[in-house]
Amino acid sequence: MRNYFIFIINIWLFWGISFLSFATETHIPISLDETYTEIYKVQQELALIKQRLNLTETIERPKVTLQISPRHSWQKIYQILFKLNHVFEKYGFPPLNIPSREPEKNMSNDAIYEQVIRLHTEFNLLKQYLGVTAFPPPPPVFTQKTDLDNYNALNAIFYDLDALANSSFTPSHVFGQTMRIHEDIDALLYFLEITDTTLPNPKKINSTPADVFNTGLELVREIQELQKNFNIKMVNLKTDVYQDIHTRKITPTEAFGMTGLILAELQVLKAHLGLELIVTPAARFYQDKIPADSRQILEWNISRIQLIKKFHH
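For the sequence shown, my numbering gives the first residue as 23, with consecutive numbering after it.
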């Protein structure tokens, strides 16, 4: 009898290991076309909600032209959830739990697909709260979609949510994200055992959202100097961030979007430095902040990244 049970256990182990091996070997990555299709479905759900609320305002949405990776799309989905939470608060619905993610060296499109499915869930919940019973028609078949296509489709959702919230981001929201950047760089300094000898520059009171945006872009360039040590696929900053960057008025919304680019670049750097378990803290709520506050923090962190470069070649 004992030998019989051992035999049965061995059979279970054999089939269990075989199944796991088969599952691993046969994993088929989610395609960019599949991800785009799901994003399109979310766009259609959002359109139904706007129709139900008689919201006809057309939001101008800038088209991003940078070389985008999945890590940037993940940050954009974080920002969509952040803004969607404002919509939930406006209508008195329970707040959302907005996740952070452990840093990864190479984030896959699968991670973006998973988060888009999360967006589906939240928008369907919003439809239920608002009494929207209509369903969108089946999506068309999409082919040859790219990471940039997916990012711009997500960015369209990001901007369209302004109509639901009846407001956009403020300098205080931007400041909350710059403090997340500051805390990420705190973690880098601590992990590398570098004493922070830097000090913030005097606050430039007349700063504009465009100044915050451009300072953020300069911080990305400094982070890229560190990324070169790890052969990280970098964003080509010789390309304009937006197609109409030279004529577009930069608002706190674009400055908020820039913080997502910075955080995406910090995550991959953290992963290569061995900080895979250090998750970016959640944003705290601040009041009465102005663009000068965010610009000061970003300029300070340019100095802190330059300090890290001196010690880590």
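Everything labelled a hint here was simulated from the structure, so no lab data went into it. C-beta: ideal position from N, C-alpha, C; glycine also. One or more of the hints may lead you astray.
Taking CB as the label site, the calculated pair distances span [as the list claims (entries may be wrong)]: (1) Thr219 / Leu147: 24 to 34 Å; (2) Gln328 / Phe307: 37 to 47 Å; (3) Tyr212 / Leu259: 38 to 48 Å; (4) Leu147 / Gln328: 43 to 53 Å; (5) Lys226 / Val163: 26 to 36 Å; (6) Pro121 / Arg83: 20 to 30 Å; (7) Arg123 / Phe307: 13 to 23 Å; (8) Thr219 / Glu82: 14 to 24 Å; (9) Glu126 / Glu215: 16 to 26 Å; (10) Asn223 / Glu82: 27 to 37 Å; (11) Thr87 / Pro117: 32 to 42 Å.
Verification of the supplied hints:
At about 48 Å, the beta-carbon gap between Thr219 and Leu147 misses the expected band of 24 to 34 Å. The supplied range of 37 to 47 Å is broken by Gln328 and Phe307, whose beta-carbon atoms lie about 30 Å from each other. The hinted range of 38 to 48 Å is not satisfied by Tyr212 and Leu259, whose Cβ atoms lie roughly 28 Å apart. For Leu147 and Gln328, the hinted distance range of 43 to 53 Å is satisfied, since their beta carbons lie about 45 Å from each other.
A hinted range of 26 to 36 Å is violated for the C-beta pair Lys226 and Val163, which are about 51 Å apart. Pro121 and Arg83 have their C-beta atoms about 25 Å apart, which keeps the hinted 20 to 30 Å range intact. Distance hint for Arg123 and Phe307: a CB-CB separation of about 21 Å, consistent with the stated range 13 to 23 Å. Take Thr219 and Glu82: their Cβ atoms lie about 44 Å apart, and the range 14 to 24 Å is violated.
The supplied range of 16 to 26 Å is met by Glu126 and Glu215, whose beta-carbon atoms lie about 24 Å from each other. Distance hint check for Asn223 and Glu82: the Cβ-Cβ separation is about 33 Å, which falls inside the suggested range of 27 to 37 Å. In this structure the hint that Thr87 and Pro117 lie 32 to 42 Å apart at CB holds, the actual value being about 34 Å.
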